[in-house]
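Protein chains in written order, with my numbering: chain P, 1 to 445; chain C, 1 to 445.
FYI, nobody ran anything at the bench for these hints, they're computed from the structure.
Heads up, some of the hints might be wrong.
The list makes no distinction among identical chains, and a pair is therefore deemed to hold if it is satisfied within one copy or across any two copies.
[Claimed, not checked] With a cut-off of at most 25 Å between alpha-carbon atoms, the simulated SDA-like pairs for lysine to any residue come out as follows:
hint	residue 1	residue 2
1	Lys26	Gly186
2	Lys40	Thr424
3	Lys157	Met125
4	Lys40	Lys93
5	Lys349	Pro217
6	Lys157	Asp320
7	Lys40	Asp134
None of these values were measured; they are calculated from a predicted model.
Number of protein chains: 2
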Amino acid sequence: MPVERNNDLHRVVIIGGGFGGLYAAKKLGNAPARVALIDKRNFHLFQPLLYQVATGGLSPGDISSPLRGVLQRYKNISVLNGEVVDINTDQRKIILSDGEMIYDTLIVATGTSHHYFGHDEWAQMAPGLKTVEDALEMRRRILLAFEAAEREPDPGKRHALMTFIIVGGGPTGVELAGALGELARGTLKNNFRNINPAESEIILIEGVDRVLPTYPPDLSAKAETKLKKLGINVRTNTMVTDIQNDTVTVRSSDHTEQFHARTILWTAGVKASFIGEVLARRTGAKLDLGGKVLVEPDLTIPGHQNIFVIGDLANFSHQDGKPLPGTAPVAMQQGEYAARVIRERLEGKNPLPFRYRNKGNLAVIGRNAAVADLGFLRFYGFFAWLIWIFIHIRYLIEFDNKVIVLFQWAWNYFTRNRGARLITGNDPFPLVEVQEKKVATLGKK
Amino acid sequence: MPVERNNDLHRVVIIGGGFGGLYAAKKLGNAPARVALIDKRNFHLFQPLLYQVATGGLSPGDISSPLRGVLQRYKNISVLNGEVVDINTDQRKIILSDGEMIYDTLIVATGTSHHYFGHDEWAQMAPGLKTVEDALEMRRRILLAFEAAEREPDPGKRHALMTFIIVGGGPTGVELAGALGELARGTLKNNFRNINPAESEIILIEGVDRVLPTYPPDLSAKAETKLKKLGINVRTNTMVTDIQNDTVTVRSSDHTEQFHARTILWTAGVKASFIGEVLARRTGAKLDLGGKVLVEPDLTIPGHQNIFVIGDLANFSHQDGKPLPGTAPVAMQQGEYAARVIRERLEGKNPLPFRYRNKGNLAVIGRNAAVADLGFLRFYGFFAWLIWIFIHIRYLIEFDNKVIVLFQWAWNYFTRNRGARLITGNDPFPLVEVQEKKVATLGKK
Numbered sequence: 001m002p003v004e005r006n007n008d009l010h011r012v013v014i015i016g017g018g019f020g021g022l023y024a025a026k027k028l029g030n031a032p033a034r035v036a037l038i039d040k041r042n043f044h045l046f047q048p049l050l051y052q053v054a055t056g057g058l059s060p061g062d063i064s065s066p067l068r069g070v071l072q073r074y075k076n077i078s079v080l081n082g083e084v085v086d087i088n089t090d091q092r093k094i095i096l097s098d099g100e101m102i103y104d105t106l107i108v109a110t111g112t113s114h115h116y117f118g119h120d121e122w123a124q125m126a127p128g129l130k131t132v133e134d135a136l137e138m139r140r141r142i143l144l145a146f147e148a149a150e151r152e153p154d155p156g157k158r159h160a161l162m163t164f165i166i167v168g169g170g171p172t173g174v175e176l177a178g179a180l181g182e183l184a185r186g187t188l189k190n191n192f193r194n195i196n197p198a199e200s201e202i203i204l205i206e207g208v209d210r211v212l213p214t215y216p217p218d219l220s221a222k223a224e225t226k227l228k229k230l231g232i233n234v235r236t237n238t239m240v241t242d243i244q245n246d247t248v249t250v251r252s253s254d255h256t257e258q259f260h261a262r263t264i265l266w267t268a269g270v271k272a273s274f275i276g277e278v279l280a281r282r283t284g285a286k287l288d289l290g291g292k293v294l295v296e297p298d299l300t301i302p303g304h305q306n307i308f309v310i311g312d313l314a315n316f317s318h319q320d321g322k323p324l325p326g327t328a329p330v331a332m333q334q335g336e337y338a339a340r341v342i343r344e345r346l347e348g349k350n351p352l353p354f355r356y357r358n359k360g361n362l363a364v365i366g367r368n369a370a371v372a373d374l375g376f377l378r379f380y381g382f383f384a385w386l387i388w389i390f391i392h393i394r395y396l397i398e399f400d401n402k403v404i405v406l407f408q409w410a411w412n413y414f415t416r417n418r419g420a421r422l423i424t425g426n427d428p429f430p431l432v433e434v435q436e437k438k439v440a441t442l443g444k445k
Numbered sequence: 001m002p003v004e005r006n007n008d009l010h011r012v013v014i015i016g017g018g019f020g021g022l023y024a025a026k027k028l029g030n031a032p033a034r035v036a037l038i039d040k041r042n043f044h045l046f047q048p049l050l051y052q053v054a055t056g057g058l059s060p061g062d063i064s065s066p067l068r069g070v071l072q073r074y075k076n077i078s079v080l081n082g083e084v085v086d087i088n089t090d091q092r093k094i095i096l097s098d099g100e101m102i103y104d105t106l107i108v109a110t111g112t113s114h115h116y117f118g119h120d121e122w123a124q125m126a127p128g129l130k131t132v133e134d135a136l137e138m139r140r141r142i143l144l145a146f147e148a149a150e151r152e153p154d155p156g157k158r159h160a161l162m163t164f165i166i167v168g169g170g171p172t173g174v175e176l177a178g179a180l181g182e183l184a185r186g187t188l189k190n191n192f193r194n195i196n197p198a199e200s201e202i203i204l205i206e207g208v209d210r211v212l213p214t215y216p217p218d219l220s221a222k223a224e225t226k227l228k229k230l231g232i233n234v235r236t237n238t239m240v241t242d243i244q245n246d247t248v249t250v251r252s253s254d255h256t257e258q259f260h261a262r263t264i265l266w267t268a269g270v271k272a273s274f275i276g277e278v279l280a281r282r283t284g285a286k287l288d289l290g291g292k293v294l295v296e297p298d299l300t301i302p303g304h305q306n307i308f309v310i311g312d313l314a315n316f317s318h319q320d321g322k323p324l325p326g327t328a329p330v331a332m333q334q335g336e337y338a339a340r341v342i343r344e345r346l347e348g349k350n351p352l353p354f355r356y357r358n359k360g361n362l363a364v365i366g367r368n369a370a371v372a373d374l375g376f377l378r379f380y381g382f383f384a385w386l387i388w389i390f391i392h393i394r395y396l397i398e399f400d401n402k403v404i405v406l407f408q409w410a411w412n413y414f415t416r417n418r419g420a421r422l423i424t425g426n427d428p429f430p431l432v433e434v435q436e437k438k439v440a441t442l443g444k445k
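Let the hints inform the model, and build the full structure from the sequences given.
Here it is as structure tokens:
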């Protein structure tokens with residue numbers, strides 16, 4: 001059923017279906033332009049809730065929306081499942097792993113991936129949290145560690161199995177630590193017969209002097225207090241210097257220390273998508289130290305008015321002098337801005353530069369607690385947590401009517417249950433390193 | 001936190017956490033016995049709804065319940081994540097891949113797996129539907145086929161990509177065909193720009209003369225009518241003789257035919273778990289042609305009063321002369337029966353033989369339609385569908401308070417949406433066999 005095509009229409013290609021790309025596409029819905037959204041995956045992922053999948057509270061389907069479904073009512077938009085490998089800016093052409101595509105205007109919104117600060121070999125031992133597969137791998141490791149501990153007679157090894165180290169005290173690390181604390185001390189409390197999950201040690205390691213370093217200091221202090229109440233061992237001013245199997249070596253100001261932990265989770269660093277380098281090579285665009293593309297006040301690349309870079313991949317420093325943070329609200333506003341500029345240019349107008357309107361930042365620390373920084377107002381506790389819930393639900397509903405997540409949360413809240421505690425994968429039962437020929441607890445004596 | 005143990009207590013080991021094993025365990029909760037439930041997975045899977053995961057309607061977490069959570073309130077029950085490799089009936093010992101366990105009474109409930117009738121090489125091309133991973137693989141293949149079709153310019157190849165063959169017209173095949181029909185003709189209707197998913201061909205192949213062969217003939221006829229209304233091509237009296245890449249060869253009474261389809265789904269045969277053979281070798285128990293263990297009127301193995309075999313692995317033929325079907329209600333009742341026998345024996349009583357109380361059979365064929373056989377009453381249509389919904393919800397709620405599934409269903413019903421349409425896996429974007437260097441649709445002309 002070939003669709004009739006108007007070949008005179010302006011062609012917009014958007015690379016990446018995250019918050020930036022998806023909001024750009026929605027704002028271009030029914031515009032006088034042909035729009036293609038390219039993504040490696042067939043769904044938009046609500047990344048801010050990925051830590052809930054990693055700790056068994058939500059299923060991947062709860063926080064994902066099929067891109068085709070979200071955009072189906074805009075007949076001028078097509079979705080393409082594909083992988084971009086290069087961009088030919090001279091011929092205005094996207095090179096895919098299996099094809100090419102012409103653009104008149106390009107919006108690049110490919111975001112970031114994990115960054116191990118030059119220690120890529122740590123990735124295997126300390127998985128990050130960017131994709132659905134990452135989250136399922138974390139969930140798998142966390143749950144398998146408890147399973148192995150239940151069967152481990154050696155107290156030292158058992159302690160290592162019940163020790164969880166989270167590297168990185170930004171919002172993801174703080175939220176993950178809080179959720180893990182509640183999993184161990186709440187949900188799993190009566191699940192085992194030989195171990196008490198509440199005795200788990202959860203260590204949150206942060207290099208600078210406070211958690212949530214991008215928040216105001218008083219909220220960082222509140223967050224730390226709340227984490228400690230949940231039994232999290234918070235170690236600030238502490239750098240990871242080595243990770244070997246189940247040993248993490250850290251350095252504080254005055255000494256070096258080692259932790260033995262079977263489960264190490266990485267929420268420390270991000271690096272820009274390689275598409276940033278491609279753009280630099282092809283257009284001479286400048287990158288910052290993290291590989292992000294320095295953009296003009298209208299989010300385009302210098303000398304390339306028809307190439308926008310938005311979201312986590314962009315370094316926008318024309319407001320208050322410092323770069324905007326890599327958050328969902330920034331990406332969404334930039335996506336909408338780029339779409340508006342394209343529409344206005346098509347109407348012959350002269351668009352204004354981008355301005356980020358900061359509506360505040362929120363981070364949640366377990367049940368009933370969050371910190372909120374609304375600029376003019378900072379607060380924490382139950383009320384901040386409620387606001388956090390409602391903001392997240394609002395976005396989820398906007399995308400795909402995920403009312404279901406609200407019910408799931410309400411249910412988890414009242415029952416303290418987390419129903420998605422599945423160990424899945426190709427190799428469903430490798431007991432980390434299986435203890436040799438051990439007689440299971442029930443049989444002996 | 002070692003738990004105090006009473007070593008004089010009777011030791012019951014249950015192998016398998018499906019319907020049979022889990023119901024046995026629950027009925028032994030707080031009994032004067034020490035109970036261990038062993039399963040390879042850490043969760044119970046509500047298999048009758050697995051086809052909903054395969055077609056993007058539900059997430060795996062929606063139909064799974066962590067075994068430890070379900071059984072946590074019974075302090076005499078421990079759950080063991082482990083793989084049974086052998087049973088030493090002389091020493092009353094279970095041999096695990098990494099340990100051993102002593103039993104006084106054993107309940108074997110390890111069920112069945114796929115069976116390709118001597119053509120194991122078909123498994124790669126035509127995946128079955130027994131595990132969460134199976135369902136995700138089906139979902140992945142189905143969704144990738146549409147993605148590839150959207151980009152395929154050759155009409156013949158496009159048709160093969162949009163052809164889905166389901167081998168086996170039992171309840172799973174019928175339900176899968178119905179859900180696939182609704183996915184293609186409803187949910188995905190407006191998702192694509194170059195193809196019309198409603199033009200997909202869905203072929204259901206059944207070897208005998210009607211679908212749902214274990215149901216009364218009039219209900220089979222109703223089911224077939226409903227499937228045809230959904231646009232399913234129903235081929236009865238048709239045997240698959242060969243599967244090669246994307247070509248399925250079938251034989252009807254009078255001729256041979258070939259279908260070209262990229263997606264082939266297998267719901268045809270099951271074979272008994274290998275534990276059946278282990279039991280036969282160790283105890284001399286007899287197996288039927290499908291490898292199921294012939295059990296006594298009290299579900300034990302001849303000469304081994306302390307070994308029960310229940311659920312799909314058991315062949316119980318002491319009622320009406322023919323074996324009971326491999327359904328969830330049979331497994332649940334047998335699990336409860338085995339538990340009751342153990343309790344009564346401990347009290348010195350003499351238990352009665354097992355009787356299956358048939359409360360009816362139900363199969364659903366898409367939105368609003370099901371067939372129900374309650375023995376004294378047979379009916380179909382919307383009312384049967386409602387009953388089906390309520391029965392399934394009731395069981396889900398019983399296990400893990402999965403009220404959420406009810407909301408999810410209600411939502412899917414009213415919006416015709418299926419939110420869990422994720423393509424996940426290690427290799428998120430292999431375009432089946434990637435078409436060489438094809439210019440994507442938007443770019444050309």
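ask   = Can you name, in rising order, the numbers of the hints this structure does not satisfy?
value = 5 and 6
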